[in-house]
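**Q** Construct the entire structure; sequences and hints are all you get.
Listed here are the chains, written in short residue letters.
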Amino acid sequence: MPKDGGIGASSKRREDVRFLTGTGNYTDDINIHGQAHVFFLRSDIAHGTITSVDTGAAEGMPGVVKVFTGADFEAVGGMPCGWQVTDKHGQPMQEPKHPILAHGKVRHVGEPIAAVVADTLEQARDAAEAIVVDIDELPAVVDMKAAVASDDVKVHDDLTSNLCYDWGFVEENKDATDAAFEAAAHVTTLELVNNRLVANPMEPRVAVGDYARGTDESTLYTTSQNPHVIRLLMGAFVLGIPEHKLRVVAPDVGGGFGTKIFHYQEEAFCTFAAKACNRAVKWTSSRSEAFMSDAHGRDHVTKIELALDGDNNFTAVRTETYANMGAYLSTFAPSIPTWLHGTLMAGNYKTPLIYVNVKAVFTNTVPVDAYRGAGRPEATFQLERVIDKAARELGVDPVELRRQNFITEFPYATPVAVEYDTGDYHATMDKVLEISDRDGFAARRAESEAKGKLRGFGINCFIEACGIAPSNLVGQLGARAGLYESATVRVNATGGLVVMTGSHSHGQGHETSFAQVVADMIGIDENMVEIVHGDTSKTPMGMGTYGSRSIAVGGSAMVRATEKIIAKAKKIASHLLEASESDIELKDGAFSVAGTDKSVAWGDVTLAAYVPHNYPLEDIEPGLEETAFYDPSNFTYPAGAYTCEVEVDPATGEVTIERFASADDFGNVVNPMIVEGQVHGGIAQGIGQALLENCSYDENGQLLTASYMDYTMPRADNLPQMDHYVVDHSCQTPCTHNPLGVKGCGEAGAIGSPPTVINAIIDALQSGGHDVAHIDMPATPARVWAAMHG
Amino acid sequence: MTKIEMTVNGRAASGDVEGRTLLSSFLRDELKLTGTHVGCDTSQCGACVVHVDGEAVKACTMLAVEAAGSEVTTVEGMANADGSLSVIQQAFQDHHGLQCGFCTPGMVMSAAALLKENPKPSEAEVRDYLEGNICRCTGYHNIVKAIMAASGQDVAPVAAE
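Top line first, the protein sequences correspond to chains A and B. Going by the working numbering, the first residue of the first sequence is number 1, and it counts up by one from there. Going by the working numbering, the first residue of the second sequence is number 1, and it counts up by one from there.
Keep in mind the hints are simulated off the structure, nothing from the lab. From the three backbone atoms N, C-alpha and C, an ideal C-beta is built for every residue, glycine too. Check before you lean on any hint, since a few could be wrong.
Just so you have them, the derived chain B footprint on chain A, three or more residues with Cβ under 8 Å [what the hints assert, rightly or not]:
hint, segment
1, 276-290
2, 438-450
3, 505-512
4, 682-695
5, 711-725
**A** Take a look at the structure:
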């Protein structure tokens, strides 16, 4: 029976009402009296030396307040990087300066060179056209292997090369891994590209800087997934503003998918310029600007090898990956191809030896950082593709090859430094084969063939690591931040609760699901709980939302704070009931004395806390408000199995998704409706990567895909029809180390679906007699047709 | 500057605009109706869809002066007279047809336009009609479901439990 409230109920989302009636409060909806607007003049050249920036004419244009160039920012810091990776020789990565406005050189198309602040946006844009910029164009380097092979074109003159780092993991396993390949009965090798993507939340980024001269306080309203992180990075490392003089607000945010984690130049600029101009300064990104200034995602070139013994057991995995960093290091860029990628290379399998090599490379392109899944889709794609290829080479069922190598005993310590706490990979495999009706595939293939189409069945398994933690471990791995989460639970006198969380909701529905958790713990109506997030002046220090961490880490902090509330409330109740505290039970919003009919309501206890006339003042303070910080002891490990059926039109190469099924193990689930929505969204992005999306540059570093005319976003008719699409989360092995037993669900769909689709396409093509071992994403009609015709 | 007048959500509205002012800017900046969103600059995303004289229009692609004298309806004008959610809005909430909410105003306005011209669309017709509305969060599945449900057709309940 569906629950009608609390944990496990598909409660309708309370935030929907404002979004459906046009009364949300997104950053671009915020206008401050007297605000000015900024327009950024961006480089249309990928690489060059700036010889002059003449702003004279622009400064005299109507409405212009001030024109800024790189020289105005010499006294402040550059954009900081939040993670330092150590290379395989024990040396720190190369870390270039990242200016707010380009200084000396431009290094990618879209890099801001100058900024015009004017009374209106139109005036700022008009004035920007009057700025004369002279740039001596230099050859650009776009291809990663070329960037590493030669120093002829260096993105950063003050670095020794274009190599950010050369990372080996686990370096101590390298020789043993090589030996296992020597001894292997079979080796499958695959070279592939994980295509560059643009996250494309539908709300473009916005920043509004404000400054109060009377109190010397700066405020930044920004489209961020983690306002406290922005406050810390911008305040401490860029502008030198102490945190108590800096407020960062991220109100309703229209999607993030990773690209709104990072601290961007425009945020620092608007905060800086508001003080310099003594009036609020607003920037709203256009979509074209977003394509050339939002951090991109993926962009790996990989060679993976899988070694098997004579019984088809996996004996070793060896990879070499080139990971694009772009022109500068975005906030968390170095960690993505390393600690969020190499650590996942065991997948769901008990491969004893794994060696991962990653070369991170600077190129004259937009910085690359986390995008939904962040490293884990790249790991999953290569591993699951090479396993599928091995099954074909060996002539065995891809399902059975996976099954025989599954990890089945938990906890399981992988050879790549992580320990899976729970999982049941056979269960999710069984479930997905059932809900996808694999048994009926042969008949469906025959129907497709009768229509002249090729039909393929793709299978894929995945594991991910979410709720990245613990802080002391990630600190050793190079993180320059903690990875805890916080919550303050404030109970009002009349019994309602306000929960202030460091997590941030930008589509995930925390205002509903977080309230479900707290209400369930106390046994009160969800509507008595209000969730507050996204404002550093209202919430305790938090790390924000990314990496599917909100319920696992933020939710756990909330549980801990609520436990403190309940403990104190029991003391108050024991006083009111004149009973021993150990006899007090909380159920359905009332405290009772065990074994008696004596009870006191939640509201009576909360009132006593604030009107402490009959109250144990000698033992406890009045009031009912508690804060908790939760630092997890391990990652969580959601896992699943996905299937896809495609039809390929041999005449055109067009691929259509005919059926899709997912069986995910997210551990316990708070709101099934929201969880399924997250999976739908992730799968759509994964299908987008597999079939449609590609961010592309020409050899001169010109961005060829800078609008929705060129970059193909998935539309409603690119996705499977309702009757042929099942998402399931009934296989649940609860996480053993957080209080809710939850694992996180935000990224699974984007991780699990791309290899599923490609595996299905290969199956379809091979069924038609085409000897195609691999096809790179996106599998566009042109690519598929070309692959079919050699 | 040109003074223009129009009816927006049943009320008289007026303002001074430049010739280049887009209807989306007029609604957002002059009338402070910030429910209409702008998600792209090439008329692709559909977050800005409003109704002008009963027709769905991308407000980023129409000049404000072109809408002078027209009846304009935005998402702020879609709720029932008593403030409760309309059938379409309620279906979006019931079927979890929105996540971040940014594309939602355009989706609601497009859905209303579709159901006006095609009261019982097939699933394929709904998907085809949404060609001009991009959503990055939901994968469209629950949007399609919500629109089908709003048209009075049976769809599976939310979240099989």
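**Q** Next step is simple, just say for each hint if it's right about the structure.
**A** Results for each hint:
no.	hint	result
1	276-290	holds (count 3)
2	438-450	violated (count 0)
3	505-512	holds (count 4)
4	682-695	holds (count 4)
5	711-725	holds (count 9)
Comparing the model with each earlier hint shows a violation of hint 2 alone; every other hint is respected.
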